[in-house]
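Based on the provided sequences and hints, a complete structural model is requested.
Residue numbers (our numbering), protein chains in the order written: chain A, 49 to 348; chain B, 49 to 348; chain C, 49 to 348.
Be careful, since some hints might not be right.
Copies of one chain are not kept apart here, so a pair can be met inside one copy or by any two copies together.
[As the list claims (entries may be wrong)] List time: in silico BS3-like cross-link candidates among lysine-lysine, alpha-carbon distance up to 27 Å:
id, residue 1, residue 2
1, Lys127, Lys212
2, Lys317, Lys147
3, Lys212, Lys64
4, Lys64, Lys127
5, Lys212, Lys71
6, Lys212, Lys147
7, Lys317, Lys212
8, Lys147, Lys127
Just so you know, the hints here were simulated from the structure itself, not pulled from any lab data.
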Amino acid sequence: QSNVQIYGLLDLGIVKRSNDTAKLDRGSNNRLGFRGTEDLGNGLSATFHLQTRFNPDTGTQERAAAFWQGESTVGLASKTWGGLRLGRAATPMNQKNWKFEPWESSGFNASLNAFQLGNFTFSADGTNDAAVGSANFIRIPNAVFYNSPTLNGISLAVAGQVEKEANARGRNRGFSLNYDSGPIALMLAGEQNTDRDRIGFVAASYTIGSARVMGSFTRIDQREIDDESSYVVGATYDVGPGMLRVGFGRDIDLDVSRISTGYLHPLSKRTKLYLDGWRHRTPVSATTYNGIALGVNHSF
Amino acid sequence: QSNVQIYGLLDLGIVKRSNDTAKLDRGSNNRLGFRGTEDLGNGLSATFHLQTRFNPDTGTQERAAAFWQGESTVGLASKTWGGLRLGRAATPMNQKNWKFEPWESSGFNASLNAFQLGNFTFSADGTNDAAVGSANFIRIPNAVFYNSPTLNGISLAVAGQVEKEANARGRNRGFSLNYDSGPIALMLAGEQNTDRDRIGFVAASYTIGSARVMGSFTRIDQREIDDESSYVVGATYDVGPGMLRVGFGRDIDLDVSRISTGYLHPLSKRTKLYLDGWRHRTPVSATTYNGIALGVNHSF
Amino acid sequence: QSNVQIYGLLDLGIVKRSNDTAKLDRGSNNRLGFRGTEDLGNGLSATFHLQTRFNPDTGTQERAAAFWQGESTVGLASKTWGGLRLGRAATPMNQKNWKFEPWESSGFNASLNAFQLGNFTFSADGTNDAAVGSANFIRIPNAVFYNSPTLNGISLAVAGQVEKEANARGRNRGFSLNYDSGPIALMLAGEQNTDRDRIGFVAASYTIGSARVMGSFTRIDQREIDDESSYVVGATYDVGPGMLRVGFGRDIDLDVSRISTGYLHPLSKRTKLYLDGWRHRTPVSATTYNGIALGVNHSF
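Right under this line is the structure:
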């Protein structure tokens, strides 16, 4: 038993958008994971990580084609040299971009994740298989993942596909360079997917007392559709044990924007209630709507 | 690890019906679950519950479309005010009707569950999606579930869908009122599914020494097909550590009936052998058959 | 928690065959299992075993149709009389043939498993459902499995289907007789699948100091295609904590052969690195290729 750690997160809330029925929906990606670390001596260890994702509102898997949708890797980690994993996992950019978004880039409700990753603009050709994440910037199958140790606050993550998949233009690959020390955090990341679309991402955050301000800028070069630039600015403010969140994201080229705010109320370290509101504007299609979400987030 | 409790149940037996080949089949719904409770103080706690169902005779999921077929919920529970869960779970009626059926409403072999729930008569229109339980009386997705504390033996369960599903006539909702004190247990439940079919259920049981007698009556009003009334009467009798079971169920309108008997032999609290026999009569189609099942039931 | 043991194995490596792209691929069948034993007293115990299989390179299930692809059984075991399991599990032959193959019959990379089981030659008619293993010699659904205790090094395994499946010519059934004492291990097995194809298998191994030599001979009688004979010879040699492996397999009738060698380097009892090379010859189609694999194998 001691070889396996079981963990998870469940998040559901009541969500209402203007012009839509009330829904029970996720506020984050729900997960159940199994992971472990074996000490091999001399600072070396073996690691494994399996994580399934699901929709607790209906009991279904997040993606039918990939039961271990969150991660499925085996690897070796050295305190001196860093860690190497084989399998399918989040890209370097996706491993840390959530630190620069007030809703931790959940992708649901008030989250401004779409203005960080551009993941709502998949390219339109046949190699785009969202089920295995082959043509987006979120996860890479059939890949090697390297994460450096942190030296003077600096760390590096690199990943690349071993295998060129059928119908792919190229191998998915990416890097992320991070600095995190005292009040300052900085991030620079770049990736290329199997369509040879490219994404560049730069982000920064600064902590002053109970407040943290953050921002990111993303540039996506896409082969099948027009290029896009987008940005996110946001802030969090601790109010006693709770936290106020506010943020604004905008895709400059698509002229889509969202302004969000919310309050996170912890019942414990592992259990939180949230109340979020947002306004999403798409002038070109005149589909502006408001949203509100009240939910519970529990990790174990 | 202490945050997660893993539990489960496996039940397989050799089943033979007249005019059919012998089969290896379930005697109950096989399950593996992960659940936990976090104490938040002041009698409040956070809860989660994930349960997958499967057919161990073939290794397949019980329903391909819903991995967490048994339950997927997150919630808060108060000792004073009761518990609230969000997600997908058994309806109020289905949470307790099994207490009034000698085979605990397993739905397999000798069980008389079909004469309690009418779940063998799904309505025939397009909103009936058994995979997510949208048009039956067993489970509700996209719902809120409330369970009161028990006061003087009385408890109440209520559930309702937040979301009106595509193609549904209405939201699934239901209640169950229960009394359980000393030798007497009573239950009254009513539900309406997404087709606006309605079910009413009343049940009682009485314990005298080693014997327990029980009965239930069910009325189903269905929009697409004729209404139905059905009932179950049954008894259990403790014989040393074992238990004799006998019961009779009848759907008055369909003129279907079943008489069942069996013996449950515990090898431990968690492991039991069972031998059951039953006779199922459908006069209208002249498809009377006899069945016999010998199996093992193991929980962990 | 003490009722459930969680275990698993992950194995991924970089694999390159001549005339093919480099790939990230399994070197063994990846698995996560839940199992338990309950002591019932008097040498009797209840057992359950659930094992899912998956491809960590893509996060997908090994076979979409059977989540518990590895095993799903419940049973009773006696120290005196042996164990009985109900459900779906490996056939008697497949439970132990891996002891006579240097790569433990993984079926991947350098493994010579195909020359033991002939599992690359499914018969071609409609009853062949690889998803549930109905027409091969690897797993049996809807079956009873008996494993005797070991007496004087001798043990017997027998399994057979309770249920004759739809479209099947017959019930899957098989046996395996094993002797394992001191330096000598012997095995004799025979099985018949649902197509009434038959397989006979005889194997032996001998240990001399750090070396172990082994061999097996297989004869398959198939109804839809020509019969086949095949054999495997192999040896392992302990080099300090590591192990050299060498083997040769040949299907005499198809004129397919493979010669393999490799080195297994343990980082711990649970974590190993491997480097394997092999040459696969199919003269009739002139598709000879070489392969090389470098990977990590971690169990927990």
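**Report entry** In rising order, the numbers of the hints this structure does not comply with
**Finding:** Numbers 1, 4, 6 and 7, in rising order.
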